[in-house]
Structures are given as structure tokens and as C-alpha cells.
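S.K.: The residues making up each chain are set out below.
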Amino acid sequence: MVTLLLTLPLIAGLAAFIIEDDALRRRLLLGASAGHSALTAALFLARIQPRSACISAPAGEWFGLDALGLIFLGITSVLFLGAAVYAVCYLELEKRNPGEEAEEGFIFNNAPEAVFTGCLLLFLAAMTAVTASRNLGILWASVEATTLLSAPLIYFHRHKRSLEATWKYLLICSVGIALALMGNLFLGAAGLKTGFGLNLDALLSGAQQLDKPLLKAAFLFLFVGYGTKMGLAPFHTWLPDAHSEAPSVVSALLSGALLNCAFLGILRAIQICSGAGLADFTGGILTLFGLLSLITSGLFILGQRDYKRLLAYSSIEHMGIMALGTGLGGGAVYGALLNAIGHSLSKAGLFFTSGLILAAYKTKRISEVKGLLGRAPRTAALWLTGFFLITGTPPSGIFLGKFLILKAAVASGKYLVTGVYLVFLGIVFAGLARIFIDMSFGVRDGAAPEEKPFVEPAGMIWPVCIFFACVLTLGFYVPAWLETLLNSAQALIRKGP
Amino acid sequence: MNTFAELIIVFIILLNLVLAVSGSLSVCIRLAAIQGVAAGLLPLMAVGGMRGRAMAFAGFIILLKGVVFPWLMFRAREKTGARRDVDPLIGYPASIMLCLGAFAASSWLGSRLPLPHSGVAFIIPASLATIFTGFLLITTRAKAITQVLGYLVIENGIYIFGLALFVEQPLMVELAILLDVFVAVFVMGIAIFQISREFDHIDTDQMAELTDWHRPEDAKW
Chain D
1 MVTLLLTLPL
11 IAGLAAFIIE
21 DDALRRRLLL
31 GASAGHSALT
41 AALFLARIQP
51 RSACISAPAG
61 EWFGLDALGL
71 IFLGITSVLF
81 LGAAVYAVCY
91 LELEKRNPGE
101 EAEEGFIFNN
111 APEAVFTGCL
121 LLFLAAMTAV
131 TASRNLGILW
141 ASVEATTLLS
151 APLIYFHRHK
161 RSLEATWKYL
171 LICSVGIALA
181 LMGNLFLGAA
191 GLKTGFGLNL
201 DALLSGAQQL
211 DKPLLKAAFL
221 FLFVGYGTKM
231 GLAPFHTWLP
241 DAHSEAPSVV
251 SALLSGALLN
261 CAFLGILRAI
271 QICSGAGLAD
281 FTGGILTLFG
291 LLSLITSGLF
301 ILGQRDYKRL
311 LAYSSIEHMG
321 IMALGTGLGG
331 GAVYGALLNA
341 IGHSLSKAGL
351 FFTSGLILAA
361 YKTKRISEVK
371 GLLGRAPRTA
381 ALWLTGFFLI
391 TGTPPSGIFL
401 GKFLILKAAV
411 ASGKYLVTGV
421 YLVFLGIVFA
431 GLARIFIDMS
441 FGVRDGAAPE
451 EKPFVEPAGM
461 IWPVCIFFAC
471 VLTLGFYVPA
481 WLETLLNSAQ
491 ALIRKGP
Chain R
1001 MNTFAELIIV
1011 FIILLNLVLA
1021 VSGSLSVCIR
1031 LAAIQGVAAG
1041 LLPLMAVGGM
1051 RGRAMAFAGF
1061 IILLKGVVFP
1071 WLMFRAREKT
1081 GARRDVDPLI
1091 GYPASIMLCL
1101 GAFAASSWLG
1111 SRLPLPHSGV
1121 AFIIPASLAT
1131 IFTGFLLITT
1141 RAKAITQVLG
1151 YLVIENGIYI
1161 FGLALFVEQP
1171 LMVELAILLD
1181 VFVAVFVMGI
1191 AIFQISREFD
1201 HIDTDQMAEL
1211 TDWHRPEDAK
1221 W
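Chains as they are written, first to last, in the numbering used here: chain D, 1 to 497; chain R, 1001 to 1221.
Be careful, since some hints might not be right.
As the list claims (entries may be wrong) - Derived lysine to aspartate or glutamate pairs resembling DMTMM-like cross-links, with alpha carbons at most 25 Å apart: (1) D:Lys216 with R:Asp1203; (2) D:Lys160 with R:Asp1087; (3) D:Lys414 with R:Asp1205; (4) D:Lys168 with R:Asp1085; (5) D:Lys168 with R:Glu1006; (6) D:Lys160 with R:Glu1198; (7) D:Lys362 with D:Glu92; (8) D:Lys364 with R:Asp1212; (9) D:Lys160 with R:Asp1212; (10) D:Lys168 with R:Asp1212; (11) D:Lys362 with R:Glu1078; (12) D:Lys160 with R:Glu1209; (13) D:Lys160 with R:Asp1200; (14) D:Lys362 with R:Asp1212; (15) D:Lys168 with R:Glu1078; (16) D:Lys193 with D:Glu92; (17) D:Lys407 with R:Asp1085; (18) D:Lys160 with R:Glu1078; (19) D:Lys168 with R:Asp1087; (20) D:Lys160 with R:Asp1203; (21) D:Lys193 with R:Glu1174; (22) D:Lys160 with R:Glu1174; (23) D:Lys168 with R:Glu1198; (24) D:Lys168 with R:Asp1203; (25) D:Lys95 with R:Asp1087; (26) D:Lys370 with R:Glu1174; (27) D:Lys362 with R:Glu1198; (28) D:Lys364 with R:Glu1209.
Hint data in this document are derived by calculation from the structure and do not stem from the laboratory.
Keep in mind it's a predicted model, so treat the numbers as computed, not measured.
Construct the complete structure from the given sequences, taking the supplied hints into account.
M.R.: In C-alpha cells:
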């Protein structure tokens, strides 16, 4: 089953490079992503039915899915299906109107659609491999593959700004991930006497016998390496550039799926460390860098002038919250995982919506987008809904996640952490509120040029609606199967209080 | 056999110093390639017994690092017309001082790390110093192509570090890592073509349009 899950997007991606017919290639994209989602759903079903638990139990030396991997696979698969529907409409739009650079107004070309679709599908295959790998070496190779395969996606619009973003992304992430390779080597050395190699199951079951100082070194390198890819401050510098210059559908995937995959790399390291009794060590580091990301994003959101960069900084904020929750341990880990699901769905929805705004206004400057509600009421409604969901206004699912983390922080008596957390959540809310409200209701100075109302294609609206509905539902009601899954994932990460 | 391995290690350390001071791009590409080949020879010396798999793998690494990568880099250099020097952002004396300092620090760190003892002296300091030299090339050289070179030097260092720790990864993992590095260099090479076409230069210090640190004169925002 897992093999099929890996090979389906791989073959479809390779096929997309050689198919010349646009319509056929787009159907392939839709079909492959639907197939991927169906297979993922089947894996979830196999897991839910208690008697068939043995089917989904991690098997095989290289690939297998545990609760943690399954959650992240589910997020990736659902997000990709939405993105595929959106991308088909988007490519149709791009074909009709040649690109005009949003900032400087020059005309540019797009990369060939075959390359775009092919890389998109291969990117899915690489992300699937990340979620399903049971060997840290394979995990590393898959994470590096996601970087290389998504670089051409960021450079879809061929102009200077996207090229600069692509170069920074390639170089910073490749070098960052090279450090994670050092971490893998340290981990291998830590288990040298016992001959564990990098097999996750062997490392987990024999974590007590690992050499502690080497394990600490391994964790630091893995944390910095995958943390670069995850966008934790101060290693986040590539993230706002790449997210703002990539096409919106790619930004959504980068933010919603790829950052989570990098987070999974860190979670695997934490699993091993807490097995070896180093939970306090990892917890301290995660809390520190989580708060640092929260603070950085809060400060940059306040003065932000580009709405796609704004969303990128909000992603850094949420990565910080997830790191913080994992660092605090206990019930906060559940909160962090819930936050991961909520963030992925709502941020992808917001990036999709930002693509619609970009299509309507042809600019990414916040100061030039005013009166969205009058110009494109449906987009504006989604934009505002997304704002309430992402900031964790009840009844958003993100509220539940953030609240659980707050509760754990207070319960563990870390009042300084709690204080900083609350203050910066407030700052982020205020910063986002000012910008989102201004964009939706504001009035443009001077005589506005004659604007015809903007009509959104249905395929670009529906994925957003469905994602937002899911996040809302999570706030009211976490289904029993998801609850079980989250609980077992939490148990995997940390034997909390 | 260890004397041979130690000679290679000394050679690799010296290559780091030469990389830090050499001003010609083509010399730098060759030096990185030679370093890769030297690193590829190491396992054959240290293991002693010549096993088939190790031989084949070392041959593959030498082919990749000694032939394929330099070829890709020279192609990128020619297509972009970047024939001049490496444009360091800091002076060569400063570069070599940093490199020497890094070696001193690596020696100290290598003696402190509780690593399994390998029979080859200085292999850990050499690997750490190589990684540092790679970072130095990435951060203090202006051209995009030298940044790729720095990435390759870091990879060399990590490879030596892995040898020093005796971490034997499964073949599938090793191959996946090599494939990734190969594709990385390939994709970066393509990106360099695009940069030279779009900007008419490949100086990354001039690529500074995307930032959140706005100057007062961009008040139009």
C-alpha cells in the first residue's frame, strides 16, 4: 500500500514531463492527486478499524507509517488535492493572460507547464517519502529532494525577483540540510557500539543504550538542519522571499505541507532523545526557538507592506507555536499537532485567496489593495474568514490548539514563557487585523480607476471553502478517530506527565 | 597503510588553505575536485582490506566528485562568461587567517568530542576545517558559482566526517544522498544560467530586492 502511495505520484510526475497535451496533463494531475488521497484515506480506514491494526503497523525496513507519519501524510494529501484543483484553474488563467510583474510591471514568461506539473507531482512523491520513511537516512534524502523539486516551482514566473528567491531558497536550505546530515552521522556514531545504524525502530527500542553526549550533538545538528527548512527563526530568512515570489498554489503547498515535513524530521529526533531520557534538553531548545520565532514574526508582521510576505511571517509564527507546544510537552504536544492541522488547512486557504487578490489587483502591496469587499465580495469574505481562523479566534480549530498550549505552559509553571506567548499572540493578532480589515474595507485615496468586478473561477473558490469548513469543524468537534490518532502520536513523541 | 591516509589528510588540510587564498575561479573548481578525489581515496586506505562494495562505491564517488562536478561547474562558468576571479568580499589575508583559526578551533574541538577513536590522526579536525572552509567560500565570495563550490567543499567535509565516525550507512541511503548532491549541483547550475541571463552578472551580493529592511527612499511603499 505504502509502495503504491509512493510510486503513484512518482510515475505520474515523470509522465507529466513527456505528455504534450495540456488538457491531458491537467487531468493526470487531478487523477494522480485524487488517487493519492484515496490511498491515504484507505490507510486511515485500516488504522481506524481496531481489528486490522496489524495492517498499518510499521513494517518494512525503509517505509512504514506510524500515527505521526499518518497525520502528516493526511495533511499533505488533502492539501495537495485542493492544490491540484486550484492549479488546474490557475494554469488556465495563466495561459490566457501572460504574466505581468506585480511590482515593476514588466512582462515575463512562465516556465513550461509540463515542467511545472511534473515537479509538482514529484514534489508530492518526495513529501510522501518523508512522512513514510522509517530510516533517518532516507528521511534526510527525501527532505533534500523536496528542496530540489520545489525550486523550479518557485521559479515558475520567470523574472528577477522569483529567481532571487529561488537562489536563496536553494542555497540556504541545501546548506541547512547538509547540517542535518552531520546530525545523522552523529546519531550513527551514538549507536555505533550497538550497531543500530539509522533505522528508526532500532534506535527507538534501544534508545537507552545510545551514547548521550553524541546524541545531544546529533539533536543540535538535526534541529538546526531541519529547523532551517521549517522556517524557525533565526534560520527563516529564505521563507518570506520564497513564499511571496512563488505562485500562490506553490506557496500554499510550501507553507502547509513542506514546513510540516521538516517539522516531522525534528519530531523524529525528539522521539529518539526522549526515549534516551533527554526530553528536558530537547524541550528547552524547542521552547527557546519557538518563542524566538513567535517574537520575530510578530515584529515583522507589524510593519509588513506585502500581503504574501505577511502570510509567510504568519507561517513562521505558527511554526514557532508548534515548536513551543512540542517543547512544553504533556497536553501541549496534542495542541501543537492540532495546530499543525489547523494551520496547514487555513494557511493554504489563505494563500489560495491571496492568489485571487493578486489576480484581481495585480499587486502584492497592501497599500494598493483597498475595498476588496466591493470589488470581489466572495474573495473578501474568504479573506476575512481566513483571518479569523488563522489568528485562532474561537471557534477555529487553531484556537483549541493554542489554548491547550497555553494551558500546559501555565500548568508547568513557566510564567515567563506564558507571558511572552500571550503578548506576542496579541501583537500578531493586532498586526494582522489592521492589515486584513484595511484591505477589505479600506477606501483608496484619490480617484479610483474604473474597475470591473472580479469574478473568481469556481475551482479556485471551492478548495478554500472546504479547507476553512474543516478548520471550523475542528474547533467544535474532533472526530473520535482523529482524537485517537492524535493521542497515539502524542504518546510517540513524549511520555508526558 | 595509515601513514598514507594521514598524508592524504594533511593534503586535504593544505587544499583548504589554498582554496581560501586562490583568486582564480578555474583553480578553485580544480582544487575542490582534487579534494573530493582525495576524500574518495581515503576509505581505500583506512579500511585496509579491499572489499568489492567499498571499492565500487569509492570509484563512483571519485568519478562524481573528480569528473562530473568539475565538468558541470566549468560548463556553468563558460556559459555565464564568468572567467574572472572569485571576487572575495574580504581580503585574502583575512580569509587565510580565518581558515587557520578554524583549523585550530577544529583541532581543539576534535580532541574534546567524545568520538570513537579512529586510527587516523587529525581526521576529525580536517573534516571540521573543510566544512568551515566551505562556509567561508559561501559567505565571503560574491559569485553564485563560488557558493556552489562552497557547498561542494562542505559535502567533502561531511563525507570525511562520516568516514572518521565509521558510520556505515546502507547502500540505498548512500546512493540517495549522492543522487541528491548530484541533482543539487545540477539544479544550482541551471539556476546560475538563469541568473546570468536575467541579471547580466552572477554576483549574489547585488541580489537584494527582496527584503524587509526597507530604506527610507523606498517610501512609495
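S.K.: Confirm or reject each hint.
M.R.: Tested hints:
1. D:Lys216 with R:Asp1203: 38 Å, violated
2. D:Lys160 with R:Asp1087: Holds, at roughly 22 Å.
3. D:Lys414 with R:Asp1205: 43 Å, violated
4. D:Lys168 with R:Asp1085: This hinted pair holds, its Cα atoms lying about 22 Å apart.
5. D:Lys168 with R:Glu1006: Cα-Cα ~37 Å, so violated.
6. D:Lys160 with R:Glu1198: 6 Å, holds
7. D:Lys362 with D:Glu92: Measuring from Cα to Cα gives roughly 17 Å; hence the hint holds.
8. D:Lys364 with R:Asp1212: 14 Å, holds
9. D:Lys160 with R:Asp1212: 17 Å, holds
10. D:Lys168 with R:Asp1212: OK: Lys168 (chain D) and Asp1212 (chain R) at ~15 Å, within 25 Å.
11. D:Lys362 with R:Glu1078: 38 Å, violated
12. D:Lys160 with R:Glu1209: Since the Cα atoms of Lys160 (chain D) and Glu1209 (chain R) sit roughly 9 Å apart, the hinted pair holds (cutoff 25 Å).
13. D:Lys160 with R:Asp1200: Holds, at about 11 Å.
14. D:Lys362 with R:Asp1212: Holds: Lys362 (chain D) and Asp1212 (chain R) sit about 21 Å apart, inside 25 Å.
15. D:Lys168 with R:Glu1078: 23 Å, holds
16. D:Lys193 with D:Glu92: The hint is violated at about 58 Å.
17. D:Lys407 with R:Asp1085: Distance of about 58 Å is beyond 25 Å: violated.
18. D:Lys160 with R:Glu1078: 21 Å, holds
19. D:Lys168 with R:Asp1087: 19 Å, holds
20. D:Lys160 with R:Asp1203: 13 Å, holds
21. D:Lys193 with R:Glu1174: Given pair Lys193 (chain D), Glu1174 (chain R) holds - Cα atoms ~21 Å apart, limit 25 Å.
22. D:Lys160 with R:Glu1174: It is violated: about 36 Å lies between the C-alpha atoms, which goes past 25 Å.
23. D:Lys168 with R:Glu1198: Judged against 25 Å, a Cα distance of about 16 Å means the pair holds.
24. D:Lys168 with R:Asp1203: Roughly 13 Å between the alpha carbons, so the hint for Lys168 (chain D) and Asp1203 (chain R) holds.
25. D:Lys95 with R:Asp1087: 41 Å, violated
26. D:Lys370 with R:Glu1174: 53 Å, violated
27. D:Lys362 with R:Glu1198: Holds: Lys362 (chain D) and Glu1198 (chain R) sit about 22 Å apart, inside 25 Å.
28. D:Lys364 with R:Glu1209: 14 Å, holds
When each numbered hint is compared with the structure, violations occur for hints 1, 3, 5, 11, 16, 17, 22, 25, 26.
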